[in-house]
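Asker: We have chain A already, so just place chain B with the ligands on it with the hints.
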Amino acid sequence: MSRIRWREEPREQFELTPDRALAYAAPDGAFALYNDYRSRDSVLIRRPAPVLPEEVDRCWREQTEGASPRGLAPRETVEGYGTFTFPYGPISMGVPESGRFDVVTYGERVLELTPLGAYKSRRALPALAGLPVADAGLRVERLAGNFAASHAAAFLQACESATQTPVGLRELTVRAVGQELQRIYNHVHVLARIAEAASQNVGAAQSHALAEEMLRLQGRVFGHRWLFGAFLPGGPARRLEPPDRPHVAAALHARAEEFDELWELFLDSRTFIDRIQSTCPVPRDVAVRWGAVGPTLRATGVPWDDRLRIPEPPYHDLFLALPDERDGDALARLLVRVQEVRASFLLLEQMLDRWPAAGAAAEPPAPPVEPGRGIGRVEAPSGDLVYDVRVSDGRIVGVAARSPSQANWPPFAFGMRGAVFTDFHFAFESFGLVFAETDR
Amino acid sequence: MPSWIEQSAHRGLLTSRYPRVPASDAEVPTTARPPLAGPEGRAAGPGPDRCPVGAIEGVAVDQGRCIRCARCLADGFRFAGAVESSSPSRAALARPAASDAGPDPRRAPLAGLGRSLHLFLVDVGSCNACNLELLALANPLYDASRLGLFFTNSPRHADVLVIVGAPTEEMAEPLRRAYEAMPGPKAVVVLGACGISGGAFRGNPGLRAGCDELVPVDLYVPGCPPTPVQVLDGILSLAGRGRGDR
Ligand code: SF4
Ligand code: SF4
Chain A
1 MSRIRWREEP
11 REQFELTPDR
21 ALAYAAPDGA
31 FALYNDYRSR
41 DSVLIRRPAP
51 VLPEEVDRCW
61 REQTEGASPR
71 GLAPRETVEG
81 YGTFTFPYGP
91 ISMGVPESGR
101 FDVVTYGERV
111 LELTPLGAYK
121 SRRALPALAG
131 LPVADAGLRV
141 ERLAGNFAAS
151 HAAAFLQACE
161 SATQTPVGLR
171 ELTVRAVGQE
181 LQRIYNHVHV
191 LARIAEAASQ
201 NVGAAQSHAL
211 AEEMLRLQGR
221 VFGHRWLFGA
231 FLPGGPARRL
241 EPPDRPHVAA
251 ALHARAEEFD
261 ELWELFLDSR
271 TFIDRIQSTC
281 PVPRDVAVRW
291 GAVGPTLRAT
301 GVPWDDRLRI
311 PEPPYHDLFL
321 ALPDERDGDA
331 LARLLVRVQE
341 VRASFLLLEQ
351 MLDRWPAAGA
361 AAEPPAPPVE
371 PGRGIGRVEA
381 PSGDLVYDVR
391 VSDGRIVGVA
401 ARSPSQANWP
411 PFAFGMRGAV
421 FTDFHFAFES
431 FGLVFAETDR
Chain B
1 MPSWIEQSAH
11 RGLLTSRYPR
21 VPASDAEVPT
31 TARPPLAGPE
41 GRAAGPGPDR
51 CPVGAIEGVA
61 VDQGRCIRCA
71 RCLADGFRFA
81 GAVESSSPSR
91 AALARPAASD
101 AGPDPRRAPL
111 AGLGRSLHLF
121 LVDVGSCNAC
131 NLELLALANP
141 LYDASRLGLF
151 FTNSPRHADV
161 LVIVGAPTEE
171 MAEPLRRAYE
181 AMPGPKAVVV
191 LGACGISGGA
201 FRGNPGLRAG
211 CDELVPVDLY
221 VPGCPPTPVQ
231 VLDGILSLAG
241 RGRGDR
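Sequence order for the protein chains is A and B. At position 131 of the first sequence (counting the first as 1) the number is 131 in this note's numbering, and the numbers step up by one without a gap. At position 12 of the second sequence (counting the first as 1) the number is 12 in this note's numbering, and the numbers step up by one without a gap.
So that you can see chain A by itself, here it is in the shape it has in the complex (with noise of 0.2 Å):
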């Protein structure tokens, strides 16, 4: 099992490989998370095997095995005078999407939250199998409209390693460039999300408007708004070739002096700080037995990011800095959200910069035929998403995932935990959590 290779240094060490993988799959496809690594005060944390805590174990068994609907997060029993369960959904009022939250209350507190999916399952992931690997890549983006490059870009990956399939610097980098834009709409989307919850309407539509912008941008480079088919052969793509670079060049400087501008008025706002400041706090402790991912566990002060874990082109010699945010609550996330907003646009700018030349990478060659077995991961705008693919003569054999939003929803519950209940938007919109990732 080998994954594309660009430097021969060794780096079997950090290797997810594919047994490992298998021992640690959960029914569902949970993944072991992450190897050793520092925290920013240098304490070693260490994540023994198998990765799954005892409640996560549970709280996955409940979920595959269990009748709709289903648990997301481990519940405990909470009992005491005048408590009841308020069940919120599955359609909830602010909420876009269906999905139900149990509320064990006596009233203005929530003493336990319970996110509970499979409201809108598509049963998609097992009717994959069969499928020639660009039409099941169709169907993969479409899991979760919002985070499609990662998606498609983890799949592909997952499907390429596989098969054995080299792919060419210029193809990775237009991934990476829908990835970086994708995080950055994803980012600003949540800001503008939780500004509304705040009543910050001028902040609101100013950051609403700057998510459009980024939208058509998308959709002028990519030739879709949500990039769909944008990686796939075949695909719609409109791929950055001269003379839009420059083009595109501008129009990300303009939307990057933007975000700017905005985040300082939003700094100045005491009342919208105050609101999400130490609001649905996660301690480091509970980030990481949980297995929380992305911003939420970055805020927490663990510099995890798995666009560093294994450098891989292009992201091997671009410089991206991780936040640092130890606090872990809200505005710890939402302060490291724009701080990866800066930094996309950062990697944006740099991979415009070394655009790979023309011949400098052949398009892929037809696939191989030979079975096989292929991990894709990368880092979606809400954590690391791992796909587990398993191919044949071309076509899918079996797909297993694990994305962000399956990984958040239980800190997400904890956090809750003791929170007003209006507190619940604020909480909810800072984790980007997104039902569609969970209901597959």
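Incorrect hints may have been included.
[What the hints assert, rightly or not] Just so you have them, the derived chain A footprint on chain B, three or more residues with Cβ under 8 Å:
#1 29 to 37
#2 66 to 76
#3 205 to 214
#4 221 to 233
[Claimed, not checked] Restraint ranges, calculated between C-beta atoms of paired labels, are given here:
#5 H247(A) x A74(B): 22 to 28 Å
#6 P205(B) x R75(A): 24 to 30 Å
#7 S145(B) x M93(A): 16 to 22 Å
#8 E257(A) x A91(B): 46 to 52 Å
#9 F421(A) x P205(B): 35 to 41 Å
#10 D25(B) x R417(A): 46 to 52 Å
#11 P205(B) x D353(A): 44 to 50 Å
#12 R354(A) x A209(B): 47 to 53 Å
#13 S3(B) x D244(A): 33 to 39 Å
#14 E108(A) x D25(B): 47 to 53 Å
[Said to hold, decoys possible] Residues from chain B shown here face chain A by an in silico Cβ test under 10 Å; the list is partial:
#15 S3
#16 D25
#17 A26
#18 L121
#19 G125
#20 L132
#21 L134
#22 V164
#23 G165
#24 M171
#25 P174
#26 L175
#27 C194
Just so you know, these hints were derived from the structure itself, not from any lab. C-beta atoms are modelled at their ideal positions from N, C-alpha and C, and glycine is treated no differently.
Answerer: Positioned in the frame of chain A, the structure of chain B with the ligands alone reads:
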């Protein structure tokens, strides 16, 4: 110190002038338009085989099934249909484009409601992109409130039920209840290939083939996802506000 007011004034007017002027390419990228057979009126290659969702029959594209993947471009199809491609009839979406006198005359079930409509969103199994495209109508670049469109959080206040996603077994009952809770006159709009025909997930176990199996549908807006401009056009047509008199 700059303020929100200064900053807003500095950015100026951003709002789209649609529908008074036609949609720009920035608003509707190429592949959001309906694919049609090439100028010769025929497919140049193995169109029907290549389509991943079986939307092509001969040279006719079932716009309600098409997920806009652009693969049929290689067979001589072009993304050339009208931006405004919604239709009150499912059959009309599947009809060969060149075969008859153009699109169905649009019905306007909410024509009596004047200039204000309240929308209620129900997601029955979407990928979230259709949801976000609908909600994008509220952003300043579209500012749907200038056209009298508002989002509401309760079906009791809604005139239009907007459904997105492939209808799952689990959402059938909540959807029916939301529909029944709405006061009349009411209209139902389905956004996206998923809700119209199952889209990319057509045929998966536990999915209905379309939302019209669950509630009566007044308007289908094809696309994957339809762009905000296309959604806007569809919803305005429900109130009898054709292009030109908005
Ligand atoms: S664009 Fe539509 S009609 Fe053409 S191949 Fe894709 S799904 Fe089929
Ligand atoms: S029609 Fe397309 S964009 Fe809309 S929910 Fe379905 S897959 Fe997503």
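Asker: Each hint should be assessed against the structure and marked as holding or not.
Answerer: Structure-based check of all given hints:
| no. | hint | verdict |
| --- | --- | --- |
| 1 | 29 to 37 | holds (count 4) |
| 2 | 66 to 76 | holds (count 7) |
| 3 | 205 to 214 | holds (count 3) |
| 4 | 221 to 233 | holds (count 3) |
| 5 | H247(A) x A74(B): 22 to 28 Å | holds, 27 Å |
| 6 | P205(B) x R75(A): 24 to 30 Å | holds, 28 Å |
| 7 | S145(B) x M93(A): 16 to 22 Å | holds, 19 Å |
| 8 | E257(A) x A91(B): 46 to 52 Å | holds, 50 Å |
| 9 | F421(A) x P205(B): 35 to 41 Å | holds, 37 Å |
| 10 | D25(B) x R417(A): 46 to 52 Å | holds, 49 Å |
| 11 | P205(B) x D353(A): 44 to 50 Å | holds, 49 Å |
| 12 | R354(A) x A209(B): 47 to 53 Å | holds, 48 Å |
| 13 | S3(B) x D244(A): 33 to 39 Å | holds, 36 Å |
| 14 | E108(A) x D25(B): 47 to 53 Å | holds, 51 Å |
| 15 | S3 | holds, 7 Å |
| 16 | D25 | holds, 8 Å |
| 17 | A26 | holds, 5 Å |
| 18 | L121 | holds, 6 Å |
| 19 | G125 | holds, 4 Å |
| 20 | L132 | holds, 6 Å |
| 21 | L134 | holds, 8 Å |
| 22 | V164 | holds, 9 Å |
| 23 | G165 | holds, 6 Å |
| 24 | M171 | holds, 6 Å |
| 25 | P174 | holds, 5 Å |
| 26 | L175 | holds, 8 Å |
| 27 | C194 | holds, 8 Å |
When each numbered hint is compared with the structure, no violation occurs for any of them.
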